[in-house]
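K.L.:
As you go down the protein sequences, you meet chains A and B in turn.
The first sequence maps to residues 0 to 655 in numbering that gives the first Met the number 0.
The second sequence maps to residues 0 to 294 in numbering that gives the first Met the number 0.
Calculated from the structure, these hints are not laboratory results.
It is possible that some hints are incorrect.
[Claimed, not checked] Simulated restraints, written as ranges between beta carbons of each label pair: (1) Gly127/B to Leu276/A: 31 to 41 Å; (2) Gly55/B to Leu343/A: 18 to 28 Å; (3) Phe396/A to Asp17/B: 52 to 62 Å; (4) Phe10/B to Gly209/A: 46 to 56 Å; (5) Phe116/A to Gly127/B: 48 to 58 Å.
[What the hints assert, rightly or not] Selected chain B positions facing chain A (in silico; Cβ < 10 Å): (6) Tyr50; (7) Ser54; (8) Gly55; (9) Ser58; (10) Asp60; (11) Tyr82; (12) Thr88; (13) Pro102; (14) Val175; (15) Gln177; (16) Gly179; (17) Val225; (18) Phe227; (19) Lys268; (20) Leu276; (21) Tyr290.
The beta-carbon is built from N, C-alpha and C at its ideal position, and this holds for glycine as well.
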Amino acid sequence: MKTFINIPLLIEQCKRFWVIPALSMLVYVLAIVVPMYAADPTGWNTAARMITMVLSMNHPVMITAMVLVPLAAAMALFPYHFNGVANTAFTAFPVNKKQLFFTNLAAGALMFIVPLFLLSLLLLIPITSPATITLGEGYVASFSHPSRFNPHLTQHIWGNFVRRGQILNSFPIVAAFFGRSVLGFGLYFALGVLAVSITGSRVIAALVAGIVAFLPAIVLGTIAVIFDFYVFGSSGHGMFFLDEVLYFMHPVTMGSILTQSWRANHLTVGGMWPYYLSYFLVMAGMFGVGAFACLRRAAERAGETIAFTPIKNVLVFIMSLAGMVISGVFFMTMMQGSRFGYYLGFVLGFVIIYFLAQMIAEKTFHVWHKVRKLGIFGGTALGLYLLMLGITHGAMFGFVTRVPQAGDIAGVYIWHDWPSPHNATEGTDFKFITDRQIIARTMGVHEEIIAARGNLRSYMWASVTTGRVPATDLFPISYRLQNGRTIHRTYRLPHGFMRSSGIEYLIREEAVTFSRHPELLDPSRILSLHMRVPHQFATRYNLPVPILVGGNYAIHTSLMEAIRRDVAISAVNNRRRSLNELHWITHSSLSIDINLDYMAVAENFRLEHVRVYEPIMMIEGTVRASAWQNQTLRRFLNINDFTYTLAWLREHYARE
Amino acid sequence: MIRIENLTKTFDGFTALDGLSLHVKQGSIYGMVGVNGAGKTTAIKHLAGLYRQESGDVSIDGAPVFDNALLKSRVGYIPDELYFFPFYTMRMQHNFLRRLYSPWGRWNEERYGKMLALMGLDEKRRLGKFSKGMQKQAAFIFAMSAMPDVLLLDEPIDGLDPLVRKVVFELIIEDVAQRGLTVLISSHNLKEMDGICDAVGIIKAGRMGIERDLDDLKADVHKIQVAFPVGEAGEFSLLGPDIQILHREKRGGVELLVVRGAHDLVEAKIKAMNPLLYDHLPLTLEEVFVYENLH
Numbered sequence: 000m001k002t003f004i005n006i007p008l009l010i011e012q013c014k015r016f017w018v019i020p021a022l023s024m025l026v027y028v029l030a031i032v033v034p035m036y037a038a039d040p041t042g043w044n045t046a047a048r049m050i051t052m053v054l055s056m057n058h059p060v061m062i063t064a065m066v067l068v069p070l071a072a073a074m075a076l077f078p079y080h081f082n083g084v085a086n087t088a089f090t091a092f093p094v095n096k097k098q099l100f101f102t103n104l105a106a107g108a109l110m111f112i113v114p115l116f117l118l119s120l121l122l123l124i125p126i127t128s129p130a131t132i133t134l135g136e137g138y139v140a141s142f143s144h145p146s147r148f149n150p151h152l153t154q155h156i157w158g159n160f161v162r163r164g165q166i167l168n169s170f171p172i173v174a175a176f177f178g179r180s181v182l183g184f185g186l187y188f189a190l191g192v193l194a195v196s197i198t199g200s201r202v203i204a205a206l207v208a209g210i211v212a213f214l215p216a217i218v219l220g221t222i223a224v225i226f227d228f229y230v231f232g233s234s235g236h237g238m239f240f241l242d243e244v245l246y247f248m249h250p251v252t253m254g255s256i257l258t259q260s261w262r263a264n265h266l267t268v269g270g271m272w273p274y275y276l277s278y279f280l281v282m283a284g285m286f287g288v289g290a291f292a293c294l295r296r297a298a299e300r301a302g303e304t305i306a307f308t309p310i311k312n313v314l315v316f317i318m319s320l321a322g323m324v325i326s327g328v329f330f331m332t333m334m335q336g337s338r339f340g341y342y343l344g345f346v347l348g349f350v351i352i353y354f355l356a357q358m359i360a361e362k363t364f365h366v367w368h369k370v371r372k373l374g375i376f377g378g379t380a381l382g383l384y385l386l387m388l389g390i391t392h393g394a395m396f397g398f399v400t401r402v403p404q405a406g407d408i409a410g411v412y413i414w415h416d417w418p419s420p421h422n423a424t425e426g427t428d429f430k431f432i433t434d435r436q437i438i439a440r441t442m443g444v445h446e447e448i449i450a451a452r453g454n455l456r457s458y459m460w461a462s463v464t465t466g467r468v469p470a471t472d473l474f475p476i477s478y479r480l481q482n483g484r485t486i487h488r489t490y491r492l493p494h495g496f497m498r499s500s501g502i503e504y505l506i507r508e509e510a511v512t513f514s515r516h517p518e519l520l521d522p523s524r525i526l527s528l529h530m531r532v533p534h535q536f537a538t539r540y541n542l543p544v545p546i547l548v549g550g551n552y553a554i555h556t557s558l559m560e561a562i563r564r565d566v567a568i569s570a571v572n573n574r575r576r577s578l579n580e581l582h583w584i585t586h587s588s589l590s591i592d593i594n595l596d597y598m599a600v601a602e603n604f605r606l607e608h609v610r611v612y613e614p615i616m617m618i619e620g621t622v623r624a625s626a627w628q629n630q631t632l633r634r635f636l637n638i639n640d641f642t643y644t645l646a647w648l649r650e651h652y653a654r655e
Numbered sequence: 000m001i002r003i004e005n006l007t008k009t010f011d012g013f014t015a016l017d018g019l020s021l022h023v024k025q026g027s028i029y030g031m032v033g034v035n036g037a038g039k040t041t042a043i044k045h046l047a048g049l050y051r052q053e054s055g056d057v058s059i060d061g062a063p064v065f066d067n068a069l070l071k072s073r074v075g076y077i078p079d080e081l082y083f084f085p086f087y088t089m090r091m092q093h094n095f096l097r098r099l100y101s102p103w104g105r106w107n108e109e110r111y112g113k114m115l116a117l118m119g120l121d122e123k124r125r126l127g128k129f130s131k132g133m134q135k136q137a138a139f140i141f142a143m144s145a146m147p148d149v150l151l152l153d154e155p156i157d158g159l160d161p162l163v164r165k166v167v168f169e170l171i172i173e174d175v176a177q178r179g180l181t182v183l184i185s186s187h188n189l190k191e192m193d194g195i196c197d198a199v200g201i202i203k204a205g206r207m208g209i210e211r212d213l214d215d216l217k218a219d220v221h222k223i224q225v226a227f228p229v230g231e232a233g234e235f236s237l238l239g240p241d242i243q244i245l246h247r248e249k250r251g252g253v254e255l256l257v258v259r260g261a262h263d264l265v266e267a268k269i270k271a272m273n274p275l276l277y278d279h280l281p282l283t284l285e286e287v288f289v290y291e292n293l294h
């Protein structure tokens, strides 16, 4: 028979494990379908809200099922990889290895596809709840009943499937839900198949599945940490990309992040298709590797921890490396940042974890004979470490010491916190500063940082390892060159250095402040402003709290002019501040004696700190991302001197 | 029919089979014997299509066995450790195997019914609840109902009571006679194999030591009891290169010898020493195996 599927075996495997799809279906019905149809239409948890959660795959039951059901199916269908006796029986069937693999693959797929299909059919049934969802401008959802549901969640979910005013459980939307679900479940099934194909133990398979799911993020995170600590000028760079790696790797991470919604605007790719394509490619890749491993693994390896000796060695090496690093950091911290402690920890951690890993790999405590290979493993680890040191401690082809020539620079962008140009969009989140004086001062500061890199590196290590010195802040510098290219650097600097080098003053220049709020320069992009005046001023001047200003270009223009003036003054005020400053006089004729500590001054845009000490006007703007991009953003602005803004609000909104 | 040539297999540096060669004629019953760890099970697993060899050839009817679904449909394999689907009754397992083998045209439902009745097993009972012997019986029923052309049995009669053993062997012999079934048995129970096998292969340390038809094997090895007059002893070192002494034991005035060589030559040479007593005793397969391995 030259087919991929053995039908009698397929039927038998489906019959044997009917519990998995049956249980899934039961959970879906009890946790999703029944509550949705029985939901109180006037309550928070309306049927419409629930169906939105389900169809966007953000329901916790769906997310949990997407991980557990496929992994359980993979473990159940491939027992012959875990058990030598089962392996003998399965391999003796009149079925070749290819048929055995693909038949079990098909059985596993049916186990999650059938319940999803039935669930989709149930979701097509019209809901009796009168609550409906309509999608308005910019796909902002509005509900016919009160809801705390975050409307911005939907803007990244529906894509082109939804027209304005449509009820959500239409056929195209449910079909899209079914497709997305199959893709998500399929990816986790591929992950499970890959894990069982290279391991011979269910426990190890579960561990491998968990690690592989986050392997790209772990690798990137490791590289990011190396860059953060060893490459001067690249602090925090890699972390900017971790989100994207997680988004592109698998749908559960994306689902949980989207559920939080506060990072939704960090999705830099328009629409969902790139992510779905990524999931599909990841799934196909894992199925391919899993198939290859299943077909190549020897029957006599059934029950071994890892079925392939090279992979076993690699995993032992990786575990030993991880143990080396963790132990090195631990010992260094315990020994007050001592380098000797660092290297001592390296050696001890590597050796101990090496033997532990061998015990797990060989499933025995008697692994002392593996000491013969310790030299090779240790030598390789040492070689890698020295190579990393060699690469990162040099000038790295000019990366560390380069400051562009003044004539090459078209603009700069600097800040002392997020966002950095790595995770922000020019024109939307920030604008390059073209003021030549700011550019010159920035270059001067940059050169000063580079000149002090020896001390700064040591300081950074000490702050991380001993915790006895004040914390550091990230300081990104970006140059836009005349040829259109950009150069980015990010430094982790102690506050004292930021003060002494003039960075503290530089970042409070008016031009720098406005570079972070480009919408202040373009009122046409503002859709609405949500303003909260401090209570004592609202009471004194009989102003409502909060105030919503929206939908009028002329009003926006005059209000934004007032806000810009106050922002500039606030920036000046902040520049005047120093450690333990006691007086602050505003144009609002209010004198406040405040004992401010340095952290509140340095981070006066952190709302929770500043509210404790001084009145702040909070302005939340709903801004169109750009003139041509139909996407809304929420921007926050807090100003500590709001004389002109207050006057404008009194003129337009004070109640008699 | 079954052919293994220079088969080599290692497991993590341990050589389980070291150039093993084995030949089984069609319609014969071949007994594979060897001490523990000699490589019998490893060889059988190659024939069952489970293991891929590192070097050498493993074939049945000229076709390589590994991952050959067609060939595996013709091979019945009963391993030492049995596996049935968990929580399955005999009926459920039967239904599955019937569906699995029917597309190959191999399943004989009538035979299944007859064997089930003969062995008296309860089809509705879970296989996991069977005793070891009953599980072996069930495995036999399933294997024989698939009408194999080749039957591989690894320690087949462990756990079977004498009555069941008799029934099983009778069925096997009947199939060999009527259908030309080829059987390869690996067992330590040499007494039983003595009565059933046509040919024997003795495996030592992963290699074939001796492979012969059983009658020829016994014809070449002899157990001799000799006694000499008091004060005299036999000069067995003068027997010559054509006679090999596998075992020598003195019991009082009587010497017990196990020798390999032509019967007539052995008799002539020993009688030339003028013993008081010369007796040629029957030799069992077990004794042949023991003395060959002790040598």
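K.L.:
Let me make sure I understand: some of the numbered hints might not hold for this structure. Which ones are they, in numerical order?
P.N.:
1, 2, 4, 5, 7, 8, 9, 10, 12, 14, 15, 16, 17, 18, 19, 20, 21
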